[in-house]
Amino acid sequence: MEMIETGEATAILPAGNHHSPVKVFGTEAIRATFDELCLQQAINSRTAPGVTQVVLNPDAHCGYGAPIGCVLASPTHVYPGPVGYDIKCSMSLLQTDLPADAVSTREIRRELIHAICRRIPTGMGKGARDVPKSRKVDEKLGAAAMCEGASSDVLAKLGIPTSWAERCEDAFHRGHDDSVDSLRQRLYELRQGRVFNKFRERVQQLGSYGGGNHFGECEVVDVVDQPEARATAEVFGLRDGHVAFLSHCGSRGIGHRLATGQFRALEAKFDQWGIPYPGNDKQLVHAPLGTPEADAYLDDMALGANFATVNHLLINQLVLEAFQEVIPGTQGTLVYFISHNIARQEIVDNRPTWVHRKGATRAFPAGHHALRQTPFADTGHPILLPGNPQAGSSVMVASEGARESCYSVNHGAGRMLGRRRAIKELDQKTVDDSFTDADILTNCRRYPKDEAPAAYKDFDEVLRSVEKAGLATEVARLRARFVIKDASDADD
DNA sequence: ATGTCC
Numbered sequence: 178m179e180m181i182e183t184g185e186a187t188a189i190l191p192a193g194n195h196h197s198p199v200k201v202f203g204t205e206a207i208r209a210t211f212d213e214l215c216l217q218q219a220i221n222s223r224t225a226p227g228v229t230q231v232v233l234n235p236d237a238h239c240g241y242g243a244p245i246g247c248v249l250a251s252p253t254h255v256y257p258g259p260v261g262y263d264i265k266c267s268m269s270l271l272q273t274d275l276p277a278d279a280v281s282t283r284e285i286r287r288e289l290i291h292a293i294c295r296r297i298p299t300g301m302g303k304g305a306r307d308v309p310k311s312r313k314v315d316e317k318l319g320a321a322a323m324c325e326g327a328s329s330d331v332l333a334k335l336g337i338p339t340s341w342a343e344r345c346e347d348a349f350h351r352g353h354d355d356s357v358d359s360l361r362q363r364l365y366e367l368r369q370g371r372v373f374n375k376f377r378e379r380v381q382q383l384g385s386y387g388g389g390n391h392f393g394e395c396e397v398v399d400v401v402d403q404p405e406a407r408a409t410a411e412v413f414g415l416r417d418g419h420v421a422f423l424s425h426c427g428s429r430g431i432g433h434r435l436a437t438g439q440f441r442a443l444e445a446k447f448d449q450w451g452i453p454y455p456g457n458d459k460q461l462v463h464a465p466l467g468t469p470e471a472d473a474y475l476d477d478m479a480l481g482a483n484f485a486t487v488n489h490l491l492i493n494q495l496v497l498e499a500f501q502e503v504i505p506g507t508q509g510t511l512v513y514f515i516s517h518n519i520a521r522q523e524i525v526d527n528r529p530t531w532v533h534r535k536g537a538t539r540a541f542p543a544g545h546h547a548l549r550q551t552p553f554a555d556t557g558h559p560i561l562l563p564g565n566p567q568a569g570s571s572v573m574v575a576s577e578g579a580r581e582s583c584y585s586v587n588h589g590a591g592r593m594l595g596r597r598r599a600i601k602e603l604d605q606k607t608v609d610d611s612f613t614d615a616d617i618l619t620n621c622r623r624y625p626k627d628e629a630p631a632a633y634k635d636f637d638e639v640l641r642s643v644e645k646a647g648l649a650t651e652v653a654r655l656r657a658r659f660v661i662k663d664a665s666d667a668d669d
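Residue 388 in this note's numbering sits at position 211 of the first sequence; the count goes up by one each step and never skips.
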């Protein structure tokens, strides 16, 4: 499969006579990292029923059905695969009023790590938090979070500032008919079935990090030293030289359960009806809008997405409380919460369209109609891109050119080595020493090798691709001071 | 990513 270069950081991938090509964003060095299967997945997605546009971002690599790092737009169909198993996997950023000096000693950072880990568990199946009984998530509150998302009621019950809802890309997701009641009804039905048991344990994962590439990271904010970036940073609420906290997490077991149920149900329908899978790939099952199957998927996606939203907001509140325990009087406020695994209804080419972002981040620039009622109408909203602890992470803002990429950018650096290969080829001591040398503390006795910076693409080259393609510009770089990660695989 | 096989 040949990509045809169209600019310094843009190319197209032909998808056949009847289809517009896949739009590819990335410098030549980055495009060389795309393997054949990743490109095949992009073509399968582009030629699938009802799909009008596919975009491939610089962090693209093989995913389930569609590449991770792609956008799939359809005005007529929904695709569970191009949303993925971790429904509404997202980034959030908390800005504190602490100067960088406040976390300069290793002792303080160790205390912060402990205070955070006590409140926020990581990894598989874990959800019981060290919090007062009055704030324990019961089935009723869990169900409310799933149906209402970040409603004032849910936030108040969890002790989260209700104003943080304004800092969410989407504070809530409604059901297929735009109602909350359809979600309540759907959740009731799901809880009747055996596929959705152990509900109490599942909802107790509210306020927990997952495993794998999920993390919490204490940062120092370096605002880009240019007038425009400084002005944008001020609107975002970023404070140069101050401590911030970046989180990457999703909808935990709840979203996984919902996604798995949908894949199975839709596969059964396809097999029953003898419908071919696009590119012969079961992970590209889909449903035409307006069918009971599409309605059920949209409802389940919304239930998972709402859980992810409340999970992130609770994590941010718990992180703030951990800081306040160690450094009394710390103030903090949410900069933004934005997803990279979600389908949203947006206007594309004057048509309401379901834009599926799979490992891709929404990028609306200044003046975009959908930002009119938000604090970011005149700047564009914050784009939160995790890089790696050593290269840093980035806060960006979309440029006008983002229209070309379906108003999307990448969602991070993108994996370079597969997990298995990283574990086999990287040296544990080299990985651990690289953190010590950079004076970055972690909660892990041994940092998971498959999550080492060396397992990911060169973040600066990825950012260069985004800027050169005219999609977005950097507002601030985030420098890691300590990292919270699930280390179950690293212990021996 | 994930009650890593209901």
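There's no promise every hint is true.
Said to hold, decoys possible - Across the chosen pairs, the derived CB separations fall in these ranges:
#1 Arg283 - Gln217: 42 to 50 Å
#2 Gly193 - Arg623: 29 to 37 Å
#3 Gln217 - Pro465: 47 to 55 Å
#4 Asp354 - Gly595: 37 to 45 Å
#5 Glu179 - Gln508: 32 to 40 Å
Because the hints were derived from the structure by calculation, they are not lab data.
We treat Cβ as the ideally placed atom computed from N, Cα and C, and that holds for glycine.
The hints, checked one at a time:
1. Arg283 - Gln217: 42 to 50 Å: holds, 48 Å
2. Gly193 - Arg623: 29 to 37 Å: violated, 48 Å
3. Gln217 - Pro465: 47 to 55 Å: Violated, since Gln217 and Pro465 (Cβ atoms, about 24 Å apart) do not stay within the stated range.
4. Asp354 - Gly595: 37 to 45 Å: Between Asp354 and Gly595, where Cβ atoms are some 41 Å apart, the hint holds.
5. Glu179 - Gln508: 32 to 40 Å: 54 Å Cβ-Cβ, so the 32 to 40 Å window is violated.
Consistency with the previously given hints fails for numbers 2, 3 and 5, ordered from lowest to highest.
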